[in-house]
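Student: These are the residues of each chain, in order.
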Amino acid sequence: MKAVGNQIFSRSDAVLETSLNHRLAKQNVIASNITNEHTPGYRALGYEFETQLQEAVGSGSNLALHVSSGRHIRTAGLTADGDLRPDLHVKPSESVGNDGNTVDSDQEMADLAETQILYKATVELLNRKFAMLRYGINGGR
Amino acid sequence: MGFLQGLRISSSGLAAERVRMNVISENLANANTTKVEGKEGPYRRKDVVFTARDSGLTFDELMRQAMDPNLKEVKVSDIVEDKKAPRMVFNPSHPEANKEGYVAMPNISVMEEMVNMITSTRSFEANTTALNATKQMAMEAITIGRS
Chain P
1 MKAVGNQIFS RSDAVLETSL NHRLAKQNVI ASNITNEHTP GYRALGYEFE
51 TQLQEAVGSG SNLALHVSSG RHIRTAGLTA DGDLRPDLHV KPSESVGNDG
101 NTVDSDQEMA DLAETQILYK ATVELLNRKF AMLRYGINGG R
Chain X
142 MGFLQGLRIS SSGLAAERVR MNVISENLAN ANTTKVEGKE GPYRRKDVVF
192 TARDSGLTFD ELMRQAMDPN LKEVKVSDIV EDKKAPRMVF NPSHPEANKE
242 GYVAMPNISV MEEMVNMITS TRSFEANTTA LNATKQMAME AITIGRS
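Chains as they are written, first to last, in the numbering used here: chain P, 1 to 141; chain X, 142 to 288.
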C-alpha cells in the first residue's frame, strides 16, 4: 500500500483500494481450488492479506516500524517499495484424499461467498466516499 | 492478475467437467456392448485424467507465478481405458459366448458411473457458481464512482 499524502484521498481510501485488489486475487485462488477439486495430487492454496494490511495501517497488535530510508528494516508483510506482501501458501490440511487432493469444497464455497460479499462491501464504501465528495464539489446540491 | 484469470480458471473447470460427463455418457451407453469395431473383446470402461496446469497467458502473470505457488487451471490430459477384467456372464445362447457359455461383458458398473455423474454435475455447478461470483465482482467494480 502506497502512502497517500493529500487531503481528498485519505489513508482509508488507500486501504480500501488495496483490499479490493487483494480480494480479487483471493477470489482467483479460490476459483483455482474449486476448479481442481478432482485433480489428483492438487494441493489447495490459501491467500492471506488481512493481517498484513492491519500491520501496515498500524491497527495490528504490533507497532509498525517507521522507515525513512530504503535500507531500513520493514514491517513484516510489506515489500521493499512499501507494497503489501500477501501470503500465498499451500494450505495445511488434516485430510488428504486417496488421490492426494486436499481441496475441501464446502470450505472453498464458503470462502467464495465471503470474498464476494466483502468485495461488494468494499466497493460500496468507496462509492459512499465518492458520493460524499461529489456532494461537496457540487456545494451540497 | 485480473478478473479474466479467475474467469479463465473457472471456465477450464467447466470444460473439463463437460469432457468427463461425455466420457461417463459413453460408458453408460456402452454398458452392455460386447463388440468394439477394430478391437478384441468387449467395450472397456474409459476414465478421464485431470491435470492441473499453470494458469496465465500474459508475461506478467507467468512472471509472478514463477515466484509463488501457482494458480492452476485444470485440463483433461488423457482419456484412459480401465484395466479391470471384463465381467463374465453365463449366457450360452449369446453369439459372443465362449466354449463354456460365458460372455465377456464390459467392466462397467452402472452404479459407479451414476455416482461419478453426480460428482461431475456438482463440480460443474461449483465452477459455475465461482464463475458467476467473479463476474458479479467485475460488475461491482465497474460501478465504482458511478452516482
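Since the hints were made in silico from the structure, they are not lab data. Cβ atoms here follow ideal geometry from the backbone N, Cα and C, with glycine treated the same way. Some hints here could point you the wrong way.
[Stated by the list, open to error] Calculated lysine to any residue pairs in the SDA-like style (CA-CA distance at most 25 Å, straight line):
#, chain 1, residue 1, chain 2, residue 2
1, P, 120, X, 241
2, X, 224, P, 139
3, P, 120, X, 235
4, P, 129, X, 279
5, X, 187, X, 287
6, P, 91, X, 286
7, X, 276, P, 139
8, X, 224, X, 287
9, P, 120, X, 286
10, X, 216, P, 88
11, X, 216, P, 127
12, P, 91, X, 283
13, P, 129, P, 139
14, X, 276, P, 122
[Unchecked claim] These stretches of chain P come out as covered by chain X in the derived footprint (C-beta under 8 Å, 3 or more residues):
#, region
15, 27-40
16, 44-57
17, 122-129
Student: Evaluate each hint against the coordinates.
Tutor: For each hint, the structure was consulted:
| no. | hint | in the structure |
| --- | --- | --- |
| 1 | P:120 <-> X:241 | violated, 70 Å |
| 2 | X:224 <-> P:139 | violated, 77 Å |
| 3 | P:120 <-> X:235 | violated, 65 Å |
| 4 | P:129 <-> X:279 | holds, 20 Å |
| 5 | X:187 <-> X:287 | violated, 53 Å |
| 6 | P:91 <-> X:286 | violated, 36 Å |
| 7 | X:276 <-> P:139 | violated, 36 Å |
| 8 | X:224 <-> X:287 | violated, 60 Å |
| 9 | P:120 <-> X:286 | holds, 14 Å |
| 10 | X:216 <-> P:88 | holds, 23 Å |
| 11 | X:216 <-> P:127 | violated, 39 Å |
| 12 | P:91 <-> X:283 | violated, 32 Å |
| 13 | P:129 <-> P:139 | holds, 16 Å |
| 14 | X:276 <-> P:122 | holds, 16 Å |
| 15 | 27-40 | holds (count 13) |
| 16 | 44-57 | violated (count 1) |
| 17 | 122-129 | holds (count 3) |
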